[in-house]
Amino acid sequence: MNKYRVELMVGVFVLLTIGAILLLSLKVANQTITNQGDTYTLFAKFDNIGGLKERSAVKVGGVIIGRVASIKLDREDFTPVVELSILQEYNEFPETSSVSILTSGLLGEQYVGFQPGFTIDGIENLKDGDYLQDTKSALVLEDLIGQFLFNRGKDE
Amino acid sequence: MNAIHALGVKTISRFAAAGRAALMLFGALFAVPRVKNIPLTIKQVYVVGVQSLLIILVSGLFIGMVMALQGYTILVDYGAEASLGPMVALSLLRELGPVVTALLFAGRAGSALTAEIGLMKATEQLSSLEMMAVDPLRRVVAPRFWAGLISMPMLALLFSAIGILGGHLVGVDWLGVDSGSYWSIMQSTVDFDKDVLNGIIKSFVFATVVTWIAIFKGYDCIPTSEGISKATTETVVFSSLAVLGLDFVLTALMFGIE
Amino acid sequence: MDNLVEIDDITFSRGDRLIYDGITIGVPKGKITAVMGPSGIGKTTLLRLIGGQLLPDNGDIRFDNASIVKMSRGELYETRRRMSMLFQSGALFTDMTVFDNVAFPLREHTKLSEDIIATIVALKLQAVGLRGAASLMPSELSGGMARRAALARAIALDPDLIMFDEPFAGQDPISMGVLVKLIRELNDALNLTSVVVTHDVTEVLTIADYIYILADKRVIGQGTAQQIRESDSELVQQFLKGQADGPVPFHYPAQNIEEAMFGANP
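Residue numbers (this note's numbering), protein chains in the order written: chain P, 1 to 156; chain V, 157 to 414; chain S, 415 to 680.
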């Protein structure tokens, strides 16, 4: 009886731990976002990606539609290429859509802001493997300050 | 001259103790494992693991809650309270989970192990095992060592998990951080291999050290009431210091060089 | 006479302190041999030497003509199954019931089924009069009962040799009588060889077949109870009669008290 209880409690302990591992891997580390549904891939070239990282979010008006899958440097023109994996359920963005790298809050995470473009006849939807043409780079604070000082110098 | 002599004696006895500790561990671990020892190990997992569950869960919950409270007051000034999630999760997974669990474990289970084995020695139970042709290393030390090694990482995982839930309770339910951003920013920041797995590795290292110290101190103690009380104190002090020191080394190795 | 254990001219020291200086003791088969001596001369150490838990500096110890000193660890563990030891405190495992304590050596060393083990344990407990206490925990037993339970455990595997470490220390007269009777009866009934280490003179003289008296690192007297009583050694007589001072001095070796307190006289 007592022995049975010991084994039972150890079993509960093991189950609790498995629960904790599941919580940590699914809810906290989000191991399986890419498996949460089919995705398709889009590419975007930026001049400067700032602090964007792999697994950063891709949002439309604040709604997450995908994640940054990888960041590489184009070997020919030396600009960063960002691979975005977008959930298949959002597959009707027109070719005229644009992306920009934005920051949440003053010091927050950087993410990819996705602006759906206008739709008129003759404009096709984005397909797997397409490049987004209209991109806006991340704001780099040093560049901004530099520009500001340069402009002031011209004014005087 | 006397001081030098005393120092020499002390140094030699420390080395001898380290040697005995290594021999004990060797004898315990490399003894042929037997099926009979599995129920013994399960029983010890109950003693060192399940019985430490309450203190670990309560501490984890409160530490998560306090971190959320403190983190919120700082982050809200920068409008970055959405980063509360990753702050709580990373601190817990990388540092507080393994370290605080190891410290609590040393106090709760380690001291009990030392006292138990020390008393077994004082009441001649270890000797009597030997005279019954049962190796006390195999019968007493090995199950306790394995149980400690298994239990502590499990406890550390539970600690981190409940801490994150505690952070959610305070940050989201009381202070009004958005629940979605608490989780989603956490998800985009926490990396399973780098953060969760490294935390587990840390915890395994701490488990080895704390359990080893606790068992050795009991096994090697002077079998009197004074000797056992000294050994129990030393277990807590030495394993706490070892955990904190090792934590620095491991952190430097894991996160220091990027 | 056939000796089960032979201790042959051993020297043993702990740290810098010499405990034994050339002791020779023979333990005849099937008899009760008593080793007596004042407290603190390492009688328990002698039993640990026989059990191979300690090794002598010099000399040899043989169990059934095999040298314990030269045995490998495996052989030693094999040999220990044929001996058992009753510790002063009983050394029952405090986390098990009396039943499990007695069953412990059977479960460790045999592959008997639980039914058979239960029967054997019941018989052994019956022999020491504790069958009714099988389900108690050691903490619920009195000192005398604990020692009897430990005795049941010690005979569980039917050993050849059983060593008693101070079996009478701290017992009330009734428990003491029970233990004396048990040791004698078990020895005869199970054809055991017993070694009793003690300083309780009267009890031992009634049951021991052969007696050794240790003092001052040596054997100072030996013989049957009758021979010991009639010994003309001052030391033996002091021990038997319990005189405070004599060849075994009352004072621990120290500086003369007058010198220590008033300074050495010129």
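Just to be clear, a hint being listed does not mean it is correct.
Said to hold, decoys possible - Below are the BS3-like pairs computed for lysine-lysine, each with C-alpha atoms no more than 27 angstroms apart in a straight line: (1) P:Lys59 to V:Lys192; (2) V:Lys199 to S:Lys525; (3) P:Lys53 to P:Lys127; (4) S:Lys525 to V:Lys192; (5) V:Lys350 to P:Lys27; (6) S:Lys655 to S:Lys525; (7) P:Lys72 to V:Lys350; (8) P:Lys53 to V:Lys350; (9) P:Lys136 to P:Lys53.
Rather than coming from a laboratory, the hints here were simulated on the basis of the structure.
Hint numbers contradicted by this structure: Of the numbered hints given earlier, those the structure breaks are 1, 6, listed in rising order.
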